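Peer 1: Go ahead and model the full structure; you've got the sequences and the hints to work with.
Taken in order, these protein sequences are the chains called D and C.
To convert, note that position 248 of the first sequence is 247 in numbering that gives the first Met the number 0; the numbers rise steadily by one, no gaps.
To convert, note that position 178 of the second sequence is 177 in numbering that gives the first Met the number 0; the numbers rise steadily by one, no gaps.
In short, the hints are calculated from the structure, not lab data.
Every value quoted in this text rests on a predicted model; they were computed, and no experiment measured them.
All C-beta atoms in this analysis are idealised placements derived from N, C-alpha and C, irrespective of residue type, glycine included.
Not one of these hints is a red herring.
The following label-pair restraints were derived from C-beta to C-beta distances:
1. C:148 <-> D:279: 43 to 53 angstroms
2. C:61 <-> D:12: 50 to 60 angstroms
3. D:226 <-> C:23: 38 to 48 angstroms
4. C:201 <-> D:19: 20 to 30 angstroms
5. D:227 <-> C:156: 48 to 58 angstroms
6. D:12 <-> C:160: 34 to 44 angstroms
Taking beta-carbon pairs under 8 angstroms as the criterion, some of the chain D residues facing chain C (in silico):
7. 17
8. 22
9. 25
10. 35
11. 93
12. 94
13. 109
14. 111
15. 114
16. 122
17. 124
18. 152
19. 212
20. 215
21. 243
Rough simulated footprint, nothing fancy, chain D against chain C, three-plus residues with beta-carbon under 8 angstroms:
22. 31-38
23. 237-244
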Amino acid sequence: MAVSAARIATRRASNAVFVAFCYLVTAVALTALAAILWSLLSQGLGGIDLAVFTKSTPAPGSSGGLANAIVGSIMLCLLGMAIALIVGILAGTWLAEYAGQSRYGSTVRFLNDVLLSAPSILIGLFVYELLVAPFGGFSGFAGGVALALLAAPVITRTTEDVLKLQPTSLRESGVALGTPLWGVIRTVLWRSAGSGILTGALLAFARISGETAPLLFTALNNQFFSLDMRKPMANLPVVIFQFALSAYDDWRRLAWAGALIIAASVLAITIVARILSQEQKRS
Amino acid sequence: MTQIATLDARTVRRRSSPRGASFEGVFEGLCFAAATALLASLGGVLVALVIGGWPAFARFGIGFLFTSTWDPVRDIYGAAGPIVGTLITSVVALALSLPIAGGVAFFLVELCPPILRRPIGTAVELLAGIPSIVYGMWGLFVFAPFFAQHVQIPLMTAAPSGSLMETLVQGVPNGSGILSASIILAIMILPFMAATLRELLMTVPPQVRESAYGLGATMGEVVMKVTLPYVRRGAIGAVMLGLGRALGETMAVTFIIGNAHGFPKGVFDSGSTIASTIANEFTEATGPMHTASLIALGLVLFLITFMVLALARLLLRNQARL
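Peer 2: Right under this line is the structure:
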């Protein structure tokens, strides 16, 4: 009995250590993350005023804002999302409805998952070789394609997942009414899976809106306001990168403001996506 | 009778090919093309990197991977410095972040008071989505000065001269370097790994946990001997995904690693990773061989991450898709 009592004491002690460790590291992790959010807020809020949204990026020493970068980022993301939605929804539909257990289907599924987490800088290099080098210059269009390549795997994956959740009886009843399968997919399945696909699209949007690396070699940057997709285009992440590494205080303040804008919009989009997916679960 | 029968047959024939049925093949073809486009883009990445990097491999041969001279002036390039830098920072980041991510996940699943469970869980998931450039900026402006002041300088003054420790902690005490980059990377992959591990642990059927507790196991024993082994494969997959992220991460590292080529000599020494080298030099490359060498570096990164990610996905295949 004595042995067993000693053993229980050791087990209790080691459990206490383990539990304490869990509490400690959670506290450490939450502190670190709170510190990041705190410096983002305290440094970023000071830099945000009306000029940030109305003026273009300044030369060092003069005043200015981020208007051209914000507009450029929105345009690049919209172009990326437009391409990614078409490719992603169609590819996800193929995987869910037509691919079945085929070997090609599982290859696509597997490599899509790899593409999903491939380093974004390599996507940038690829688009550089594909669209920048041959056509003689950086362009907003190339930036949009690079972002599309990052968003499409996410949308493909969610589309496939939510379509597979739709009951087979939906497809059967549609087909039994004499609708061709593609009509059933278009008018019945896509609608019933709509909010799920929207959630995936929002998550993809959140992901690409903060991406910097692939834009460095595709959209590059533009100091001036421009809506021309064939020219280099200003965008928030690259502006933040350049301004943060500069030696000018004005630029650094703008970089913090830009970082706050990006982080806040990414968080807002993610929260909307989460609310959507929870409502969907409830209904 | 006969007339009715023919009418029926005609109706049936007309109904048997409903409007738009001929588009069935077109639609399936479109979907198939989209799926193939995804496959082609991954293949395209590989092909573009091989073609773009080929001149570097042709000129420097296999030595490209094992020499550490990176000299745009003499046009001589060797990739060993960035490759070693990438591997060291990722592995150190993973080693730092894994116990913490595990602890957070165990806390959320087993210890957390129910009222805090959702807020903390949600916060961790939201933080996984913060763009990496934010982590990079925080590292450069907030973490680096703090680290230099409170860690580097005390360690440097404390190191006895001529000792091994002095060699290890040498460098410019400005807060950037290999170790700082690893710590920032660790903070960056932490929310992602914690969220994934938590998700995995929640897939363990309640009966399994409850029977372990019912047998008198302590919380530590339940986690380490029952629930974690239950999701072992998935957990290894999640760790590999975290490693994949760390390997390919660009912005968080570029800000703080110091960007010096060659092998780092100590934990505070400047270094470079593959991704940071490409991000810094690609648009300012001095000549075609410089560009080719950078793309060849990209190819090396692609091969490393592809292996890690493929392994991760194979391990995660039968788990809930993450």
